[in-house]
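Novice: Based on the sequences and whatever the hints tell you, model everything.
Protein chains: 2
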Amino acid sequence: MAQKKVKILERKQEVLRSLKSFGTQIYNQLDQGVFPTVKMPSRSTENINYDPVLRQFILGEKNVDRSTRNIRHIKPFTQLAWVAMFSNELTSQRKTSTLRDVYYSAQAYEMTFADQQESNNIITDLETLTGFAREDFNIFPEERSAIFGDLDIGYTVPGYEGKTVNLTSHPDGVLIGPAVTSAEFIKTTADKVIAIEKGALFTRFIEENVHNKHKALLISCGGQAPRQTRSFIRRLHDELGLPVFILTDGDPWGMHIAQVIISGSANAAHLRDLNTPDAVWSGVWASDIVEYKLPTDPLDEVDIKRLNELARDPRYQNDPIWQREIKLALKIKRKTELEAFSRYGLTYIVDEYLPTKLEAAKGKK
Amino acid sequence: MAQKKVKILERKQEVLRSLKSFGTQIYNQLDQGVFPTVKMPSRSTENINYDPVLRQFILGEKNVDRSTRNIRHIKPFTQLAWVAMFSNELTSQRKTSTLRDVYYSAQAYEMTFADQQESNNIITDLETLTGFAREDFNIFPEERSAIFGDLDIGYTVPGYEGKTVNLTSHPDGVLIGPAVTSAEFIKTTADKVIAIEKGALFTRFIEENVHNKHKALLISCGGQAPRQTRSFIRRLHDELGLPVFILTDGDPWGMHIAQVIISGSANAAHLRDLNTPDAVWSGVWASDIVEYKLPTDPLDEVDIKRLNELARDPRYQNDPIWQREIKLALKIKRKTELEAFSRYGLTYIVDEYLPTKLEAAKGKK
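Line order of the protein sequences matches chains U and X. Following this note's numbering, the residues of the first sequence are numbered contiguously, the last one being 365. Following this note's numbering, the residues of the second sequence are numbered contiguously, the last one being 1365.
Mimicking EDC-like on lysine to aspartate or glutamate, the simulated pairs with C-alpha atoms at most 20 Å apart in a straight line are:
| id | chain 1 | residue 1 | chain 2 | residue 2 |
| --- | --- | --- | --- | --- |
| 1 | U | K95 | X | D1351 |
| 2 | X | K1293 | U | E110 |
| 3 | X | K1333 | X | D1300 |
| 4 | U | K293 | U | E352 |
| 5 | X | K1163 | U | D152 |
| 6 | X | K1020 | X | E1089 |
| 7 | U | K95 | X | E1208 |
| 8 | U | K163 | X | D1150 |
| 9 | X | K1095 | U | D351 |
| 10 | X | K1331 | X | E1301 |
| 11 | X | K1163 | U | E208 |
| 12 | U | K293 | X | E1110 |
| 13 | X | K1095 | U | E352 |
| 14 | X | K1012 | X | E1161 |
| 15 | U | K293 | X | D1115 |
| 16 | X | K1333 | U | D115 |
| 17 | U | K163 | X | E1208 |
Derived coverage of chain U by chain X (criterion: at least 3 residues anywhere in the stretch with Cβ under 8 Å from a Cβ of chain X; other residues may be distant):
| id | stretch |
| --- | --- |
| 18 | 158-165 |
| 19 | 177-186 |
Because the hints were derived from the structure by calculation, they are not lab data. Every residue, glycine too, gets a C-beta built ideally from N, C-alpha and C.
Specialist: In structure tokens:
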């Protein structure tokens, strides 16, 4: 897998090239005596469409221009150029930062943002312009998830180049941060990925040896999986050829945690490869509530409203399971949680439920 | 440090003994033909006092009896006996669980809890009765924080016995979960602990080599540090003799994150060793806002209300810094964040602020 390392380093080069090309464009326009202008796809709602082939949201044909000829555009144009410059610094110096940090760092350059929302927006502009995610520019979110399982990775971050570690080395799991997401995959005995909504279940799975029994890499999403974790899952699927199974609570919020891993979010319609279209939502389904006689809570009004929204969402049309389970949830008016299986003993979810679900998914393929 | 391992295993034995002794007491009472009864300290507000010697909240002299002679006590008594039995299973089988899990597991035994609040309460009863924290009974919370730094630990969890790992092995950090908190400390070159409120700063500190430059073990609290992390910090202080410095945002919520690490919470008045009285809150102080001309936000009404509450809290009387900083914050009516130092460049907090604060703390001792 030596070419993988090349791929990661090549991507970093492409990121830097995209920034340089933006800068070059501005200089060329100035040399030609024209007002610098950029054109990028519009991110307004009417320009966001679900693409059934790519199985994610994409931006349509509509473009927006940002021209320094227009006095109202000068501020956002300058902010965009600054964010590109700052991203170039981060990426070439191999330092990481956060959305919050970028907002404050602007002040070191006397660059003004009214608030963090404004700087976040400009960072999304840079993503749209270049097609790279902010994580590619070393701008990371605060939230972290974790991984555990038999995978050797090779770090590429400063001070760790050439170091190979196995992701079973710490039985509590390793954070998925800038170092893990920029690592190359060396080797694995795993033949699947299991992504789990909750940290507590992740720990239970490690204790019950699921990584060995089911040859699985385990991922704790920590609720809605951060973007870097979703793109990491995509890499595990694409580069290692591993099928991905997702376990969430049996409620509309759990369904959507799974769906965003599978189909991405509208907010990221301008980006690719953050989602894993072939990933499978393995449960907890509304039909599992019935079949396993699980303890439940009643759906409240917000849950019902959310289920009706999901039923109309184009991402929920791509597999009949979604509509079936939404309909059933609305019919039985109940929801449940992964922990509910503990009513049959702490290991039931690992000994009985998980194997059944993995077997069922195999039959379906 | 071979005696440390003994200490961890001995503690597990003590935990099991405390459960056995509770069970034995019930059997003896039955043998003697009396209604089983337990006595434990009351956790009602008027029985919670701040102890200036222990520098934490403790329970007073008031006791409550729970007697099976009283029909209203039969249910909570039975629940308590069940929780003790279940904790004994968890501890002796070396499985971990969560508060949520315990609630559902009860159903496997046809033990009824009206809701999770009720089962949480009974678990706190067991803590009060035995003096051990629920983590000692292998009941863990969902939240996780992380650690990074030159510390060799020896795992004691099943499958990892005798394995020693160094906590710099993963540059994103390692989760502080059941395996890390039950590990023995083997050796370290660190001479201090730095606990940081936010994951993003934790990552920045790792990238900027703070662990080497300042010989520090770095801990990411992830907001309010979970109980297991607070008790882990206490162990780092007591067993390794390391001073502890805490960095939080410069607002009442950050102050209280530091204070709970130092002085504990009223909710844990029935327990010991979850707090580190000698730990030092190093910033961000209101006076740093002035001194470093940091970007700020105005205090809102909730912040002001909270600052006034803190000013009256007995924990805030033990060091003049607290009252001084509360007073100043109320005067300048501003708050700030750790990231605000980025206005002077990304590394300013590491290159300038941190060394100044560590030096100041040294002078004070």
